Structures are given as C-alpha cells and as structure tokens.
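From first to last, the protein sequence lines are chains A and B.
Under the numbering used here, the first residue of the first sequence carries the number 2, and numbering increases by one thereafter.
Under the numbering used here, the first residue of the second sequence carries the number 8, and numbering increases by one thereafter.
Heads up, some of the hints might be wrong.
What the hints assert, rightly or not - SDA-like mimics (lysine to any residue), calculated; alpha carbons at most 20 Å apart, straight line:
{"id": "1", "chain 1": "A", "residue 1": "Lys107", "chain 2": "B", "residue 2": "Gln48"}
{"id": "2", "chain 1": "A", "residue 1": "Lys107", "chain 2": "B", "residue 2": "Gln44"}
{"id": "3", "chain 1": "A", "residue 1": "Lys6", "chain 2": "B", "residue 2": "Asn66"}
{"id": "4", "chain 1": "A", "residue 1": "Lys55", "chain 2": "A", "residue 2": "Lys107"}
{"id": "5", "chain 1": "A", "residue 1": "Lys6", "chain 2": "B", "residue 2": "Gly49"}
{"id": "6", "chain 1": "A", "residue 1": "Lys6", "chain 2": "B", "residue 2": "Ser106"}
{"id": "7", "chain 1": "A", "residue 1": "Lys107", "chain 2": "B", "residue 2": "Ser93"}
{"id": "8", "chain 1": "A", "residue 1": "Lys107", "chain 2": "B", "residue 2": "Leu95"}
{"id": "9", "chain 1": "A", "residue 1": "Lys107", "chain 2": "B", "residue 2": "Arg117"}
{"id": "10", "chain 1": "A", "residue 1": "Lys107", "chain 2": "B", "residue 2": "Phe67"}
{"id": "11", "chain 1": "A", "residue 1": "Lys39", "chain 2": "B", "residue 2": "Phe67"}
{"id": "12", "chain 1": "A", "residue 1": "Lys39", "chain 2": "A", "residue 2": "Leu12"}
{"id": "13", "chain 1": "A", "residue 1": "Lys107", "chain 2": "B", "residue 2": "Gly47"}
{"id": "14", "chain 1": "A", "residue 1": "Lys57", "chain 2": "A", "residue 2": "Gly95"}
{"id": "15", "chain 1": "A", "residue 1": "Lys69", "chain 2": "A", "residue 2": "Ile49"}
{"id": "16", "chain 1": "A", "residue 1": "Lys55", "chain 2": "B", "residue 2": "Ser106"}
{"id": "17", "chain 1": "A", "residue 1": "Lys55", "chain 2": "B", "residue 2": "Asn107"}
{"id": "18", "chain 1": "A", "residue 1": "Lys107", "chain 2": "A", "residue 2": "Ser13"}
{"id": "19", "chain 1": "B", "residue 1": "Lys64", "chain 2": "A", "residue 2": "Asp2"}
{"id": "20", "chain 1": "A", "residue 1": "Lys6", "chain 2": "A", "residue 2": "Arg62"}
As the list claims (entries may be wrong) - Covered by chain B, per the in silico footprint, the following chain A stretches (three or more residues, Cβ under 8 Å):
{"id": "21", "stretch": "19-32"}
{"id": "22", "stretch": "39-46"}
Simulated from the structure, these hints should not be mistaken for laboratory data.
Remember, it's a predicted structure, so these values are computed and weren't measured experimentally.
Even for Gly, the Cβ is constructed at its ideal location relative to N, Cα and C.
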Amino acid sequence: DQQVKQNSPSLSVQEGRISILNCDYTNSMFDYFLWYKKYPAEGPTFLISISSIKDKNEDGRFTVFLNKSAKHLSLHIVPSQPGDSAVYFCAANGSGGGADGLTFGKGTHLIIQP
Amino acid sequence: KAGVTQTPRYLIKTRGQQVTLSCSPISGHRSVSWYQQTPGQGLQFLFEYFSETQRNKGNFPGRFSGRQFSNSRSEMNVSTLELGDSALYLCASSPDSYSNQPQHFGDGTRLSIL
Numbered sequence: 002d003q004q005v006k007q008n009s010p011s012l013s014v015q016e017g018r019i020s021i022l023n024c025d026y027t028n029s030m031f032d033y034f035l036w037y038k039k040y041p042a043e044g045p046t047f048l049i050s051i052s053s054i055k056d057k058n059e060d061g062r063f064t065v066f067l068n069k070s071a072k073h074l075s076l077h078i079v080p081s082q083p084g085d086s087a088v089y090f091c092a093a094n095g096s097g098g099g100a101d102g103l104t105f106g107k108g109t110h111l112i113i114q115p
Numbered sequence: 008k009a010g011v012t013q014t015p016r017y018l019i020k021t022r023g024q025q026v027t028l029s030c031s032p033i034s035g036h037r038s039v040s041w042y043q044q045t046p047g048q049g050l051q052f053l054f055e056y057f058s059e060t061q062r063n064k065g066n067f068p069g070r071f072s073g074r075q076f077s078n079s080r081s082e083m084n085v086s087t088l089e090l091g092d093s094a095l096y097l098c099a100s101s102p103d104s105y106s107n108q109p110q111h112f113g114d115g116t117r118l119s120i121l
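The following block holds chain A by itself, in its conformation from the complex (with noise of 0.2 Å):
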C-alpha cells in the first residue's frame, strides 16, 4: 500500500509559469515532508522541507505548503526555469528522525518547455 502518493507522473510546463506539483499521504504519523529532484545518472538533490508544525516553507524560487487535514503537499516554483527540468519526489518520515527512513512518491516527470 502506497504511503506516499504523487498522482501525476509527468507535467509539462511553459518556462517562466507557475508549476505545481503535488502529493498525498495517508500515515497520519508523518510529520517531516521533503521534496527532491533528480537528473538521471544522479542522486537525489535535496530541494526544500516542511514541519507538519508549518503549513507553509519558502526557499528562493520553491516553496511548499502542507495541509495536515488534507494529507496534502504542493510544491511550487516560480518561474520555472529549463533547468528545473527533472524528476521530483516526495518524500516523508515520521518522528523517528532519520531511523524511521524516508517513505518516498514514485516521482513526477517535470518538463519545462521554451
């Protein structure tokens, strides 16, 4: 049963617009959610993180908003640049910390067109 969800598998998006992407969660025990991009051939880059303690952290162009209630998280950037071009994954732990081990979405292909 997937714990972490991103829905969307691939997003296209116009350079210099809005992009979106989500996640859901269903272990109400989560309580530190991460996003990270990956280029193929390479690790995952760490992006920016949220305390289910927040609803909202913002990091230069990325900033991500978590709704508790919802078991909702977004991640946003603007504007979208062509090197934001990769694969985005979320990411969750529980209270655990580092020994829990981050449950992770299966990725959303984000492209940036010209």
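Keeping the supplied structure of chain A fixed, place chain B upon it in accordance with the hints.
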C-alpha cells in the same frame, strides 16, 4: 564540502554471487541510510546506521545486510544475488539519527545481475 561518495558506480554480477557496496558520508554526518530504486517499486528504504548500530530496517530479506565503521563509512552486502536485485542502490547521510533533518544522497551504485 564533499558530498556523499558511493563506490563503485556500476557493477555487473551473476545470480548466486554476493556483492559489497561502499558509502562515505558527508564529513561530520553520522547517520547513513541505504535505499533501493527500481522502476517498479520506486525508492525503498533498506536500513539505517548510526554509531555503528543498525537502528531500523525496511522490508527486505536477510540477504541484504550492512555495517557501519567508526569513521561513519558504511557498506552494504547482498548475498546469493537474484535477478530481481538489479537496481540502483543509493546511500544517504544526515548529521544524526534522532531529529528530522534532510538526508543527502550519493549518485548511487547501478547493480546489474545477469
């Protein structure tokens, strides 16, 4: 600051053999986690080590094992290799095991079983 280093990058083995993969964490990071990535199952947590102790293990058979050394470097071992073990094996490190902090990934070892 050097990132997470995994060796080797590529490995080809045959069924029944065993393999050892190596991971050097970011300097100062004491928690090391291992993940398996396959097209069908996505990224799945294998185990996590902190202070040379395995703190948690994912849902994998006993053929998958690991260890951590006093300098925080880690190895994982897979015995009696099966075709289904073909995957990208990723190592990630974080400063400690108890608090929620981002895990930083290496570029992985691509293991192919013939």
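Violating hint indices (sorted, rising): Hints 4, 6, 11, 20 and 21 not satisfied by this model.
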